[in-house]
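S.K.: Chain residues, written in single-letter form:
Protein chains: 2
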Amino acid sequence: MPDGLGAPLNEPLFQRLALIGMGLIGSSLARVCRRKGLAREIIATDSSSAVRARVTELALADHIVAAAAAAVEAADLVILCAPVGVMGAIAREIGPHLLPGAIVSDVGSVKASIIKAVAPHLPAMVHFVPSHPVAGTEQSGPEAGFPTLFFNRWSILTPPEGTNPKAVAKLASFWTGAGAYVEIMQPAHHDLVLAITSHVPHLIAYNIVGTAADLEEVTRSEVIKFSAGGFRDFTRIAASDPTMWRDIFLNNKEAVLEMLGRFNEDLSALQRMIRNGDAEGLFDLFTRTRAIRRGIIEQGQETAAPDFGRRAGET
Amino acid sequence: MPDGLGAPLNEPLFQRLALIGMGLIGSSLARVCRRKGLAREIIATDSSSAVRARVTELALADHIVAAAAAAVEAADLVILCAPVGVMGAIAREIGPHLLPGAIVSDVGSVKASIIKAVAPHLPAMVHFVPSHPVAGTEQSGPEAGFPTLFFNRWSILTPPEGTNPKAVAKLASFWTGAGAYVEIMQPAHHDLVLAITSHVPHLIAYNIVGTAADLEEVTRSEVIKFSAGGFRDFTRIAASDPTMWRDIFLNNKEAVLEMLGRFNEDLSALQRMIRNGDAEGLFDLFTRTRAIRRGIIEQGQETAAPDFGRRAGET
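Chains as they are written, first to last, in our numbering: chain Z, 1 to 315; chain W, 1001 to 1315.
Everything labelled a hint here was simulated from the structure, so no lab data went into it. One or more of the hints may lead you astray.
To be verified - For lysine to any residue, the following SDA-like pairs were computed, each having C-alpha atoms within a straight-line distance of at most 25 Å:
(1) W:Lys1116 <-> Z:Ala279
(2) Z:Lys253 <-> W:Asn1264
(3) Z:Lys116 <-> W:Arg1275
(4) Z:Lys253 <-> W:Glu1265
(5) W:Lys1253 <-> Z:Lys116
(6) Z:Lys116 <-> W:Phe1283
(7) W:Lys1253 <-> Z:Asp284
(8) Z:Lys36 <-> Z:Leu13
(9) W:Lys1253 <-> W:Glu1265
(10) W:Lys1116 <-> W:Pro1096
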């Protein structure tokens, strides 16, 4: 079936890829690397023995090992696909075992704090090129991955100053090979952009689902029954992995609080419009917000199907 | 193609259905009434001549007339499918022309204020049974409708005290015939339930899309490119019809402000958790919110497909 990913490369970009962490992102990387021939050999590891067992059953890698230190031996590309909060510990563990000249990357949703946690543990002769593929679903684990997860999505690289440009270009080719577009950004700017496009949206989704769950006047059964009025869209996001998201908020505190401050200011203004019955102000805002969605659909970052195509095929 | 709606009725429930307003909801009602034979004849009207022309082209009704007063003549079921803010004016216009014994209903997303606006204009010998089908998409207009819009969704009836129980039962059969489940509720309770399951979710979606659009540090192009991180789900809701939503907020002010107050309290607590680095508190909330989504999926109000099935078919 044509999946849009194109033909495999004639020659792999890397000899040996080590994936540290085999959840949604790690297992999707394994799949697309196989599909596109991006690496000659894939070594996978995960701190959970249950996950390692599933990865073995699913045959997602050439070798599955228990220790991260063992996984990175002889790897010319190492990608950390673990929650943000454990990146530093992994770096400390693998640092002494890295191949000189290897590229080390990660897929974390925050960048400045990962660089701070990881960089000190890496030997001088490896190239650290942090990355963040802006792609995912609310599902977790090695079963949840699929090879087209990154297709038509953006992967943001945030190389610290002084990073070898060849290493950056090679990692960019890797992401392009996986079907993604690549953008280079300063780590701090990345963290601000993602705060508004990802972190605060998750935060307010978690929050409203929590609010609804705690109400006394409205039962949980009523919330569930009548969720088609809009609420259920928020529950998808609020079903995302709790460990991953806890770590994101703890590690992008400043940018999240900054963007949340803007959100709160705007919400106060909107609240006032409702209280004062400002029909024109409400109408203006509700009209203006449509333009952003049009842009997202036009640029292929979203389907135009109504209701997310939930009723696709029904006419 | 089997659409789940089942066979048409042997005998229509109503002789003549008048639909006042032919947007997403009105045109979906016309389609399912045809499909299921719920009414022998359908008369449609809309205040917009462009909409009436589209309804004629699409042949969605047996007769299309320009005046609401003309549409309701001889109709034994009249359903107002217009924005909340114009329901009172329509009632005033059609009141003197209603058939004795007719059932008058509506599909508005708020109930107490509609009852207040509509009831005084209706003659004593008609039965007013307000309803609210909790179903919809972000699309508007007669082209956007489809016959299965109400299938497996809930329609809430909020008959004022003293309403003829037979009229309530008959309207319930109508919604059941359209594929919906029916629930009877007090108007004020309805408005509270919908404030949390629909109105406040729309409000915060409109709000965050507005916040993102106004940022100076993050460009609109960045917001669009990296929207797959969560933001794009909010833009679907924030693309809903501005007139409809302006009217909802103006007419469910108290319940919306009440629920928004709860949301804000919870958000302040969450903000404090982030500021204080309360890992455990964050993890607990993010775990708790998953249960609500499970309930929604189990009760068939949502698809379990990851990412709303945006990549359905890809493996």
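S.K.: Need the status of pair Lys36 (chain Z), Leu13 (chain Z): alpha-carbon distance at most 25 Å?
M.R.: Within the cut-off at roughly 10 Å; holds.
S.K.: Compare the distance between the alpha carbons of Lys1253 (chain W) and Lys116 (chain Z) with 25 Å, and conclude whether the hinted pair is satisfied.
M.R.: Cα-Cα ~47 Å, so violated.
S.K.: Run the distance test for Lys1116 (chain W) versus Ala279 (chain Z): straight-line Cα separation, threshold 25 Å.
M.R.: holds (19 Å)
S.K.: Under the criterion that the straight-line Cα-Cα distance not exceed 25 Å, is the pair Lys1116 (chain W), Pro1096 (chain W) satisfied?
M.R.: Measuring from Cα to Cα gives roughly 18 Å; hence the hint holds.
S.K.: Hey, Lys1253 (chain W) versus Asp284 (chain Z), does the alpha-carbon distance stay inside 25 Å?
M.R.: Status holds; Cα separation ~18 Å.
S.K.: Regarding the pair Lys253 (chain Z) and Glu1265 (chain W), is the alpha-carbon distance no greater than 25 Å?
M.R.: Holds, at roughly 19 Å.
S.K.: Lys253 (chain Z) and Asn1264 (chain W): Cα distance at most 25 Å?
M.R.: holds (19 Å)
S.K.: Straight-line Cα separation of Lys116 (chain Z) and Phe1283 (chain W) no greater than 25 Å?
M.R.: Holds, at about 23 Å.
S.K.: Within 25 Å, alpha carbon to alpha carbon, are Lys1253 (chain W) and Glu1265 (chain W)?
M.R.: Given pair Lys1253 (chain W), Glu1265 (chain W) holds - Cα atoms ~18 Å apart, limit 25 Å.
S.K.: Between Lys116 (chain Z) and Arg1275 (chain W), is the straight-line Cα distance small enough, at 25 Å or below?
M.R.: holds (19 Å)
Of the numbered hints listed earlier, the single one contradicted by the structure is hint 5.
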